[in-house]
Amino acid sequence: MLHIVNKSPFERNSLDTLLDTSPGGAILLIEDGVYAATKGNAFEPKLKAAMDKFKVYALQGDLEARGIADRVTDGVAMVDYGGFVDLVANNKTNQSWL
Amino acid sequence: MKFSIVVNEGPYTHQASDSAYHFTKALLAKGHEVFRVFFYHDGVNNATRLTTPPQDDRNIVNRWSKLAQGSELDMVVCVAAAQRRGIVDEGEAKRNGKDSTNLAPGFRISGLGQLIEAGIQADRIVVFGD
Chain A
1 MLHIVNKSPF
11 ERNSLDTLLD
21 TSPGGAILLI
31 EDGVYAATKG
41 NAFEPKLKAA
51 MDKFKVYALQ
61 GDLEARGIAD
71 RVTDGVAMVD
81 YGGFVDLVAN
91 NKTNQSWL
Chain B
1001 MKFSIVVNEG
1011 PYTHQASDSA
1021 YHFTKALLAK
1031 GHEVFRVFFY
1041 HDGVNNATRL
1051 TTPPQDDRNI
1061 VNRWSKLAQG
1071 SELDMVVCVA
1081 AAQRRGIVDE
1091 GEAKRNGKDS
1101 TNLAPGFRIS
1111 GLGQLIEAGI
1121 QADRIVVFGD
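Top to bottom, those sequences are chains A and B. Going by our numbering, the first sequence opens with residue 1, and the numbers climb by one from there. Going by our numbering, the second sequence opens with residue 1001, and the numbers climb by one from there.
It should be emphasised that the hints constitute simulated quantities derived from the structure, not laboratory data. None of these values were measured; they are calculated from a predicted model.
No more than 27 Å apart at the CA atoms, straight line, and that leaves these computed lysine-lysine pairs for DSS-like: (1) A:K39 / A:K55; (2) A:K55 / B:K1030; (3) B:K1002 / B:K1030; (4) A:K48 / A:K92; (5) B:K1002 / A:K92; (6) A:K92 / B:K1030; (7) B:K1066 / B:K1025; (8) A:K39 / A:K53; (9) B:K1030 / B:K1066; (10) B:K1025 / B:K1002; (11) A:K92 / A:K53; (12) A:K55 / A:K92; (13) B:K1025 / A:K55; (14) B:K1002 / B:K1066; (15) B:K1002 / A:K55; (16) B:K1025 / A:K92.
Next up, chain B with everything else stripped away, as it sits in the complex (with noise of 0.2 Å):
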């Protein structure tokens, strides 16, 4: 079955990115298609690689991108949110005038065109947020 996932809570702040990782890992576990993880509103904070949590502490940005290397997962940021928050790639620096750049490997920006075209393309759409 193809699903789509939805992250709508920025990482370390309750719970939503941990549940949606744990519920995507369990997916392809499964052997379900995940057709996009799409993060949008304090959810595009997952995406900035300048992220250091403590080394005790769960890398919550890097297990994502992990997670995208070894699946092929499109992990879809949306680029109004992603903006007002300082998550940049090089298009967006370029276009904005900004120094540099933070978005994490294995994430792209776009709009929220393709949010509705993950709830189209898939069979289930999961919303985890706060």
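Okay, chain A solo, but in the shape it has when bound (with noise of 0.2 Å):
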């Protein structure tokens, strides 16, 4: 199952909760909730440990439109738009965690 997450950690629990509560499978940081996916902010520990048992991946042009594409997690694959299309066609499910 593809998880899209489009809100910062810092400003909505939604990814918090997704990691809390989903067996796994992988995860899309796209619009605001890219901001989990930079180096040392505060919730970088917990998206870390998550990485065993979530895929996680960002949107490239939301990640340089917020000028954070150098400094993305060790782990974090960026995609563009053909990237995000590719996810939900190879995941059978998907949820946008709005």
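Starting from two chains that each stand alone, build the complex the way the hints lay out.
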């Protein structure tokens, strides 16, 4: 399953809740959700700890728009919109955590 | 693969309409079929042709209309959400006694059944909102 998260973990608890409740799968961070994927942010330890269960992706354009594409947490894969499409296609189900 | 898109947020609010637009464009570029784009809740505000953003800003409404024109997208606006927010086509104007219309080209007003059908007919459905 693909989980799509569009809010910063410092604004909403959607990413936090998803990590606590979902057995695993893929996570795509988009919009303000990409703030979770920066090196040294306070949420990084929790995201890193979840990486054995989840493969984490972040939308490159949204990282660049926020000036943080050069300090992405190790292990997070950057994708463009084409990659976003492929993630949705390759996962049987997806959930936008709105 | 067949996709449906749901847009639950208006233009120029946060980023949902932009994300949905870029995602839909990428879908088409990859040769996928877009069964329907459904605009619901504040998302219906993406369908007013009276939008006039500054000239150096993107025109989110026109951009959807243009994409629909080029790719024969079925862009459906929820009727109940549209009535609440004053999104009107000719039929609705007549039915509700309104003096004008504002539905942008490429959009059509219909009911929630279209959302259910979009979920049933498509292999994947992706929701964009706030």
